[in-house]
Each structure stands twice: as C-alpha cells, then as structure tokens.
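Chemist: Sequence:
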Amino acid sequence: MMPGQTSSLRLPSFLHGTFRSVQQKARREGLRCGEQYHKDGTFPAPQQLLEVPPGEVVLAQEVVDFQRERPAWRLYMVSNLMGHLSNTPSGEGQNPFPMRSAYETLFRETAWGALFFATTYLHPMSAERMAQRLQAVLRFWEPLQCACYLYKRLGEAYTLEELMVAACGWALDAWCPEKEASVHVRLEKATERMARATREDSIAAILRQLPRALSSEPDLKHRQVLADPIFQRERLATLDPPSFERVSGACTAELLALLFDWDDKLGMH
Numbered sequence: 281m282m283p284g285q286t287s288s289l290r291l292p293s294f295l296h297g298t299f300r301s302v303q304q305k306a307r308r309e310g311l312r313c314g315e316q317y318h319k320d321g322t323f324p325a326p327q328q329l330l331e332v333p334p335g336e337v338v339l340a341q342e343v344v345d346f347q348r349e350r351p352a353w354r355l356y357m358v359s360n361l362m363g364h365l366s367n368t369p370s371g372e373g374q375n376p377f378p379m380r381s382a383y384e385t386l387f388r389e390t391a392w393g394a395l396f397f398a399t400t401y402l403h404p405m406s407a408e409r410m411a412q413r414l415q416a417v418l419r420f421w422e423p424l425q426c427a428c429y430l431y432k433r434l435g436e437a438y439t440l441e442e443l444m445v446a447a448c449g450w451a452l453d454a455w456c457p458e459k460e461a462s463v464h465v466r467l468e469k470a471t472e473r474m475a476r477a478t479r480e481d482s483i484a485a486i487l488r489q490l491p492r493a494l495s496s497e498p499d500l501k502h503r504q505v506l507a508d509p510i511f512q513r514e515r516l517a518t519l520d521p522p523s524f525e526r527v528s529g530a531c532t533a534e535l536l537a538l539l540f541d542w543d544d545k546l547g548m549h
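Numbering (this note's numbering), first residue to last: 281 to 549.
As a list, the in silico DSSO-like pairs of lysine-lysine whose alpha-carbon atoms are at most 27 angstroms apart:
| # | residue 1 | residue 2 |
| --- | --- | --- |
| 1 | 501 | 545 |
| 2 | 469 | 432 |
| 3 | 459 | 469 |
| 4 | 432 | 459 |
Think of the hints as simulated: they come from the structure by calculation, not from any bench. These numbers were taken from a predicted model, which means no experiment stands behind them.
Throw the hints in and build the complete structure from the sequences for me.
Modeler: Here it is, written out as structure tokens:
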C-alpha cells in the first residue's frame, strides 16, 4: 500500500444511489469540474468520499446495471461526468480531449479513478497510456480488493483479479503471456514492458494479439492474407507515428479497426 492510502476503498458520493440520481449527480459534478477548469486549469476534489463496505458490489460497466431503481455504487458513471466537462458556456466550441486527459491524469491517482480508466475503453489505448493506467491500479491494489465487481456478466460478481482479466486480458496476453504467474505479477510485468516499449516491442505484442483479433471477427473477407505474419509485419512497418501509436498497446479493438482497414484496401486491388 502506498504512503497516505487507506486500506479501505472509498468512492465519491456522487457515484452512489439509483441510476437516475447518480446520472444527475455525475452531470452536476462534470459541470462543476468543467467550470473550475475553465477558470484556473484545475479540478475540484469530490465533495464527499464514502467508504465501500467490505465485499460490497461495485458496478463497473453499464451493461450489468439492470436494477436501476436499486441504490448501488455505479463506477461506470464517471463516463457521464466526463461527457459533461465541456458542457459549460465557457467550454462551448473547445476541443474536449485535452480537458478529459487532464481529468484522467489527476483522478487516476485515486483508487476509483485508477480502476475506471483501466477498465473502460477510452482513447488513447497506446502502450504508454495503458501502462500508466495499469500502474495506477497496482498502486491501489489493496483497497480495490475490498470490493466485488459486476462487469460483463449479469449477476456474476468478480474479484479484482477476475475483473482485471475480464477487462484487460488482452494486455496480459500481449505483454505478459507467462500465464503461470498470478494476475498481479503479470500486470506488473506487462506494465513494465509497455512503459519502456520500443516500436519493435510493440510490433511483437501486436503480432501476438492479431490472431485473437482475427478469430473474433467473422466478417473479414481476406482472412488468409490478413493472417500471414509477413503481411502483418510489412503493413505495420508502413504506419506513420500517430497511427502506430494508436495501436501500440495491442488492444484487440484497435487491432480490429486496423484489420478492417487492411481488408478494405485488399478489396480495392
């Protein structure tokens, strides 16, 4: 546990309640944060943090939130907050992404923020950004273990380890394929490798993940060509720095977008 941390998990009070109440509170919090950011470039701290009782369930994804009238911890609603950061009069017409990135940088240094940003699909998913997100989760591992999590399957509560495999298994497979180690150890190794990854390191991770991406998408028309490692390496070598940075983390969803782009270009010939 890091100095200054508590062993219990605490979440902002605006994330607890019925679906409707949390939706409204997250909107107000987003507007409050946006207003202060436009004034002085900072964000206010949440007005109140509440301790999550040990073993209590935290909803980490909206798809499992089917009892909306039941008060619950709705962590995924941080995305609602972020959607309202730029909805203030002073934020109209401005690019929202720098402010969202600044919000992430600050609140990734909290247990709740670390978990939200690691388990929610938010651009960028580069090796550098994902290393930062996963390192943050590791810093708050002990308090985050206090809760159970609903993520993809209705009614099936995950431990922290199970949640990280469900949400970030692609990163473990790409960057730490040594499956005999514990989830915590694999995350440590994966983040270390992602943080110092060269372009060639990322290419190796991408090549490990491309078969998984291919197998998950039946609609690709030129599967035999796309599955050729020589073709894959040649195409990766042609990506400009911004395009390569986008896929450098080897996130399955980003690789699927890349495969569809290659597939479309093959169809033009």
